[in-house]
Amino acid sequence: MRRHEDIKFADVNNDIVRSLVETGPRYYVTLAIAVLITIACFFFPWFYQLYYGIGAAGMNHPTVWGTYLASFIFWIGLSHSGTLLSCVLHITNSEWRKAMYRSAEAMTLFSLMVAAMMVMVHVGRPWFIHWALPYPNQMELWPNFRSPLMFDVMAITTYLTGSSIFIYMGSIPDFAAVRDRTTGWRHHMYVLLSLGWRGTDTEWHRLGWAYTFLAVLIIPLAVSVHSIVSWDFAMSIVPSLHQTIFAPYFVVGAIYSGTAGIVTVMFVLRKYMNFEHYITKVHFDNLGKLLLALSLIWTYINVVEVFTGWYSNDSAELESLRYKLFGFYAPLYWEMILFCAVAPLLLISKRFRTSFVPMLILSIAINIGMYTERFLIVGTSLSRQYLPDSWGVYVPSLVEISILVGSIAMFCTLFLIFVKIFPSVSIYEVKETLPAPDEGKTQWQEATH
Amino acid sequence: MGVSIVPTLRVLKPAAMMVAVGFVGLLIGYFANAAFFPGTTPVQPIEFSHAVHAGDYEIPCLYCHTEARRSPSAGVPSVNKCMGCHAIVATDSPLIREVARYYENNEPIPWVKIHDLPDFVHFPHKRHVAAGLECQECHGPVETMDRVTRMAPNEMGQCLTCHRDSEVEHGIDCLTCHK
Amino acid sequence: MSLIDDFLARWREYRAPGYYEEFDYHWTMTVDLDRCTGCEACVTACQAENNTPIVGEEAIARGRHMQWMRIERYWEGEYPDVKLRAIPMFCQHCDAAPCETVCPVSATYHNQDGLNAQIYNRCIGTRSCAVYCPYEVRYFNYNNHHWDAPLEQQLNPDVSVREKGVMEKCTFCIQRIRQAKDAAKDDGRRRVQDGEVQPACVQTCPTEALVFGDRKDPESGVSQMLGNERAYTVLEELNTDPSVVYLKKVEADA
Amino acid sequence: MPNVDRRHFLKLVGAGGVGAGAGFMLSESRKHPVEHLVPYPVPPEEFSPGIATWYNSVCSMCSAGCGISVRTREGRAKKIEGNPAHPVSQGRLCALGQSGLQALYNPDRIAGPLVRAGRRGELEFDPTTWEESLAELANQLELMRTAGRGGGVALLSGGVRGHLASLLELFMGWLGSDRLLHYDFNHPATLYAANERFFGESELPYYDIENSRYVLSFGADFIGHWLSPVHHGLGFGRSRQARDGIRGRFVQIEPRMSLTGAAADEWIAASPGTEGILALGIARRIVDQGGYQGEDLDAWQAALDAYAPESVAEQTGVAADTVARLADSFAETQPGLAIGGGATGNHSNGVDALVAVNALNHLVGNIGVEGGVIFNPPPAFGPTASRQASLARMLELAEDARAGRIELLIVSNANPVFNLPEAAGFAEALAEIPQIVSLSSFLDETTAQADLILPSNTYLESWGDDTPAPGVGFRVGAVSQPVVEPLYDTRATGDIVLELAHRMGLDLAFPWPNMEEYLKYSWREVWSSGTPDPAIPDFDTFWTSVVRAGVWGDDTRAPSGEFAPGANVVEGIGVAAPEFAGAEGEYPFALHPYLSNALHDGRGANLPWMQELPDALTGVVYGTWVEVNPVTAEQLGVQEGDVVAIESPAGSIEAPVLVYPAIMPGVVAMPIGQGHEQYGRYAHEHGVNPINVLAAQTEPDTGALAWAATRVRLVPTGGREDLVKVSGEARELGREIVQIAAVGAGAGAGGAANARLNSIPITVVNT
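Chains as they are written, first to last, in this note's numbering: chain A, 1 to 449; chain B, 1 to 179; chain C, 1 to 254; chain D, 1 to 767.
Any given hint might turn out to be false.
[As the list claims (entries may be wrong)] In silico EDC-like pairs for lysine to aspartate or glutamate, Cα to Cα no more than 20 Å straight-line:
| hint | chain 1 | residue 1 | chain 2 | residue 2 |
| --- | --- | --- | --- | --- |
| 1 | B | 113 | D | 46 |
| 2 | B | 179 | D | 74 |
| 3 | C | 185 | B | 173 |
| 4 | D | 31 | B | 167 |
| 5 | B | 13 | D | 5 |
| 6 | D | 78 | B | 119 |
| 7 | C | 185 | B | 167 |
| 8 | B | 113 | D | 5 |
| 9 | B | 179 | C | 5 |
| 10 | C | 164 | B | 167 |
| 11 | C | 185 | B | 169 |
| 12 | B | 179 | C | 22 |
| 13 | D | 78 | C | 194 |
| 14 | D | 31 | B | 119 |
| 15 | C | 216 | B | 169 |
| 16 | B | 81 | D | 5 |
[As the list claims (entries may be wrong)] Cβ-to-Cβ under 8 Å is the rule here; a few derived chain C residues that face chain D:
| hint | residue |
| --- | --- |
| 17 | 33 |
| 18 | 34 |
| 19 | 61 |
| 20 | 87 |
| 21 | 119 |
| 22 | 145 |
| 23 | 156 |
| 24 | 184 |
| 25 | 188 |
| 26 | 191 |
| 27 | 193 |
| 28 | 205 |
| 29 | 216 |
| 30 | 250 |
[Stated by the list, open to error] These stretches of chain D come out as covered by chain B in the derived footprint (C-beta under 8 Å, 3 or more residues):
| hint | region |
| --- | --- |
| 31 | 39-48 |
| 32 | 326-334 |
| 33 | 701-712 |
No lab work stands behind these hints, which were simulated from the structure alone. In this text, a Cβ means the ideal position worked out from N, Cα and C, and glycines have one as well.
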């Protein structure tokens with residue numbers, strides 16, 4: 001097996017173009033399974049729900065929000081680390097970012113798309129969803145700009161646009177590189193995608209400038225997106241949701257689950273796209289450190305939340321807290337604490353951080369825990385509000401669970417298509433980390449040894 | 001091979017043309033349907049001519065559609081009302097004989113509704129008649145039509161425009177019209 | 001320039017509390033808890049008037065009852081010193097309604113009559129208003145509802161039958177208010193007089209616990225009730241400024 | 001285009017075609033479906049599409065006789081409200097009354113005459129015609145009548161009053177049968193008997209709750225389903241908060257807190273069946289304290305001698321000082337009112353207990369005064385004698401049936417198979433009757449046994465009249481008119497009876513073509529009995545105005561003056577210890593059945609609104625449950641939703657437990673109303689019928705079913721059945737949702753406001 005420093009520039013091009021062009025039956029089988037699951041578990045139940053009404057899901061009075069919204073926050077959260085992390089690392093010149101950022105950004109994009117689908121699934125009459133967009137009309141009817149949901153529409157649209165431009169712009173040189181090595185329809189496609197990139201100094205200069213500019217722009221945007229998502233909840237007066245800590249809570253949670261998501265994706269890419277020598281222990285080590293830090297912040301905020309409820313001495317807040325800790329959903333709460341606060345403490349060990357399979361298991365566990373967190377935000381608080389006579393219990397229906405599974409499959413489908421169109425490891429930026437043909441060792445090597 | 005986009009465009013041209021032609025077809029189909037099968041001029045069970053009654057003979061609208069003055073719904077005249085005149089007038093006409101047949105059988109005439117508002121709209125004819133609106137402002141020049149056709153879409157924009165222009169009190173409050 | 005001025009003017013208007021500097025009417029209901037027995041005549045009156053669906057046993061078991069008006073029951077104490085306290089709960093038509101701010105399409109808003117309006121055919125069903133409502137009085141149509149023939153012949157033609165995916169709630173019987181205004185105009189009056197309009201629940205309440213009217217009319221029955229020292233609003237600490245005012249239950253020191 | 005080849009051209013044509021087709025369909029999908037405007041060929045008078053018409057009528061959902069106004073639009077009934085002019089309802093109406101619309105528009109109504117095809121009870125019926133079935137039935141009746149076997153005809157109806165009752169009486173009289181029975185589970189037979197004995201009045205008195213300052217209720221759920229709940233509700237509200245500085249105080253004495261108990265200021269649990277003893281304990285205290293100064297004081301002292309505080313406390317489980325406190329405050333607060341009913345009246349000592357309650361009113365001078373008991377004048381019209389059937393009378397009927405003395409049974413809107421205990425053996429007795437004819441609108445349990453079903457109209461499609469019982473202290477008559485055309489091929493009960501009479505050749509005795517004419521004929525008498533009014537010159541004007549108003553009568557209560565019970569009445573006062581079916585050792589719990597708030601005695605079970613109306617005290621819908629005290633539940637080791645068998649000497653049923661905080665530990669309560677085997681899609685297969693485990697125990701004086709006198713034991717079955725509830729947690733947790741004020745705070749301020757709001761303008765239009 002080659003070591004990272006042995007890779008030649010030509011190898012990079014070859015490896016990555018190979019990942020696009022050479023497609024084995026294993027890929028097709030995987031893609032077919034993903035597509036089938038998407039159709040069977042996402043679209044069929046959804047169409048049934050469109051026909052029957054939201055009643056196909058388990059929501060009720062008073063828990064009118066359910067897993068669809070939890071999934072929405074989850075996917076938005078998962079979207080966070082990609083572009084945000086990529087931007088932060090780009091600005092701070094972290095070399096280790098370069099092999100992984102492309103797929104991380106793709107993750108952002110696709111989880112945002114899936115999140116947008118979850119909105120469609122969530123609303124009662126998705127065929128009128130365009131009413132939430134501000135467009136001029138004869139009636140002078142506008143959406144309600146005071147609504148946090150409206151902020152959401154704006155923030156997510158902006159974030160999706162920003163992220164799409166960011167990933168696309170970063171890929172242009174790679175498209176050009178691939179364009180020059182492919183034939184047939186692929187060539188034509190990359191001709192269009194590469195926008196006539198020639199690799200002149202001016203082009204590189206402008207790309208670098210624009211790329212950094214966008215990176216700076218996207219960081220506050222990303223932070224704002226999840227802050228705004230949190231406002232959907234925090235701006236309500238539901239006990240245990242109406243809290244000032246919600247914005248940072250959501251942002252940290254988002255980055256946390258997103259980073260864990262990156263670990264999962266890295267593992268899969270490394271294993272199945274043969275990128276072993278691009279995605280190395282270094283990445284896992286660094287991501288592991290990041291995860292540990294995030295898990296500690298996340299735990300801290302959770303503790304703060306408990307104390308906020310406890311110190312409020314308010315019947316409604318206290319009951320919400322009691323219900324979350326010891327009520328019907330308590331097993332889920334403690335599962336979340338185990339997966340997201342206790343288990344990540346293993347990351348203190350470097351040996352753990354640099355072992356691939358344990359990292360994969362942990363990253364998946366964290367995301368299960370984080371999904372649970374989102375579910376609990378919706379489930380525990382809405383079922384225990386101000387009027388005890390209106391308390392209720394919400395249990396997701398089969399349709400909801402199926403759509404959750406289907407949404408994961410949809411994400412996988414999108415990702416599988418992505419890896420065959422986009423060079424999933426940045427060709428030009430990886431080259432920057434390699435020893436130039438005639439020069440000595442790079443920064444990268446210094447950092448790793 | 002190269003940077004040039006021209007070969008690619010050449011490849012794409014047939015597909016692009018198909019999309020373009022398909023889209024043009026869509027527009028033609030959409031508007032052709034609206035133009036040739038508008039559904040705004042349905043055939044009525046009896047070829048009643050408003051042009052004759054309201055136009056030539058200048059019978060006021062509210063003579064037959066009396067309810068418009070006092071009820072939310074304008075109502076269509078009962079067969080009884082038709083026979084009020086046609087027991088004497090034009091009794092030989094084949095159309096009138098048909099009306100008379102309905103009357104003798106004590107059957108209602110199943111008129112086809114032309115101006116149909118959705119069920120969630122509250123539109124009181126009474127208020128609009130009381131405000132001095134001419135029927136024609138919404139229904140078009142019915143007195144010139146042999147077979148009545150819907151001239152305006154009777155959609156929300158039309159209501160709002162009028163309510164704004166004529167400064168109806170709270171005229172653009174949703175609850176004024178939506179029930 | 002005028003465009004910007006116009007925009008700013010509208011913005012200020014928009015930001016004003018309750019959107020309105022001054023209400024035209026300010027419909028208000030008072031509920032005297034010392035009179036209320038919890039007999040639920042109001043619940044059926046509301047259901048009959050407003051085409052509220054019959055949802056079936058299974059739906060209720062799943063927590064999907066739809067009656068706009070419900071009686072909440074709270075037990076106090078233990079046997080034998082036990083008391084039941086009942087309180088009718090329905091849309092409070094808050095002047096600072098949390099539900100109104102959250103609807104992304106403004107399907108729910110405050111109108112000039114102090115009503116918390118719900119426009120069914122504008123609703124896209126995000127259900128966020130129900131989350132934001134602390135009184136839990138918004139009911140969602142989880143599916144289309146069916147009336148076994150000929151039960152549908154009873155449906156009130158003045159009220160829409162709501163379709164799946166739409167939120168609904170108490171309207172203070174807007175159709176009756178509309179009708180009263182219409183009758184007033186027929187009489188050449190601009191304003192509805194006190195007592196001319198009563199929502200179905202108020203109309204039927206056997207103990208006359210409910211009073212409805214215009215708070216802006218100082219002579220109205222409801223204004224007199226508001227002056228009662230027992231008047232309070234539920235969940236006052238949330239500052240929602242409800243238009244439904246309860247009169248405290250009187251309990252003797254038995 | 002030079003470079004378009006044939007192949008490509010075809011592709012383009014294809015694309016264009018698909019696009020055009022899609023566009024066409026898109027446009028098509030946006031079109032409105034065709035709707036029709038169908039005017040009346042000849043419109044009815046005063047009809048205007050889009051404008052509601054109100055018709056006044058009388059509610060028949062229970063026996064209170066509230067006046068109603070029905071809103072109709074385009075010939076369909078839309079809403080029932082109380083008739084503001086009617087002194088009983090005064091514009092108000094209860095939940096059950098309002099859902100009368102769902103009886104009218106019930107999908108399970110019988111749409112036309114049916115004749116039995118299969119075996120009895122197999123529900124196989126063939127449609128038949130009115131002509132045929134009436135001819136046959138009339139023929140049969142005429143044969144029986146002429147052969148002198150008319151006595152073999154029995155007519156069993158629900159609670160009917162007014163001229164329909166007179167007509168039935170007349171008809172049965174002509175047949176020569178005295179087997180005309182009205183059976184109503186909720187009929188207060190013991191109250192009638194107690195009033196007859198104590199007051200010498202055959203009519204129920206008017207209980208003036210509105211003007212009372214202290215209401216002491218023994219088991220009477222007067223806001224629930226006792227006598228006239230809507231009117232009592234009005235009284236309750238006005239007594240509470242309509243008088244400046246005066247707030248009526250309500251004390252409820254019953255083993256299980258009812259709706260009235262929940263609304264009362266004080267709820268006192270007395271052991272089941274001992275309420276009368278408690279009343280006498282209170283009476284004794286009043287007499288001892290010198291609260292009674294009548295001439296017959298000695299007689300009273302003698303009669304009450306046995307009810308010393310300690311022994312009363314021991315028997316009733318109510319502390320002696322509570323008895324004293326109740327007595328003192330009842331005597332002090334004038335005017336006050338003691339009323340008794342419900343389980344108190346339907347026990348083995350029911351009549352005695354209610355007499356004891358009446359005695360309380362007498363002792364403190366509350367009879368014939370405002371705010372007390374006011375006697376009613378006799379009804380303006382109606383049958384000559386009460387035909388209300390007690391359990392004993394029904395058992396007699398069953399015995400007659402078994403002995404073959406009944407050849408033909410006509411059942412009209414009564415459901416004894418459901419409403420009598422299984423132990424009464426009525427269902428088996430029905431099998432012995434050769435022919436059963438049902439005039440019911442619905443296929444209930446009794447109608448299911450019928451050989452011929454002649455479905456009657458609902459009350460909203462029929463002519464009728466009514467005299468409310470209890471009245472309101474003055475004469476009231478009300479006319480009920482059809483508000484819609486009959487929906488199906490059904491006929492009004494009165495019209496069926498008249499038609500039968502005509503076909504039997506009794507035209508001379510029954511000269512009226514239909515019920516409407518019969519009413520008009522009868523009301524002439526009512527008209528001539530009144531004081532002449534120059535504004536009403538002739539009968540037609542009178543009739544039109546009565547039909548429009550829906551009600552006729554006086555409007556002031558005449559003071560009834562002094563009252564003194566006879567010496568033998570005072571002597572006879574005394575309440576024995578209650579007797580239960582079932583020994584206490586074997587059956588530790590007294591079963592307390594009660595009428596469900598929504599379903600009444602089961603008649604409301606086919607109305608979906610009523611099925612979905614949460615129980616007023618528990619929030620449960622669609623089911624039967626058994627209420628137990630929390631302590632009892634703990635002892636039995638059961639929780640809410642655990643299914644237990646309720647076993648009595650007469651039978652056993654299973655129902656889930658509901659832990660109810662306001663019930664005595666030795667008592668279990670169950671709502672009546674569910675457990676239908678027939679009666680349509682909404683009624684059947686929900687819950688169980690607790691009437692089935694009642695022993696056929698009667699109150700000895702009246703023979704009424706003592707439905708509160710059965711003991712049961714609870715045996716956990718280990719099963720679970722989650723109750724369908726709309727309520728979550730039933731504790732406030734200190735959130736101050738229902739806030740409490742001290743007595744005296746803000747009293748009375750709303751009275752004027754409400755008085756003004758009472759009169760809404762209603763257009764009353766004649767048909």
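Worksheet item: Checked against the structure, which of the hints given earlier come out wrong?
Response: Hints 1, 4, 8, 9, 10, 12, 13, 16, 21, 22, 24, 25, 26, 27, 29, 32, 33 are the ones this structure does not satisfy, whereas the remaining hints hold.
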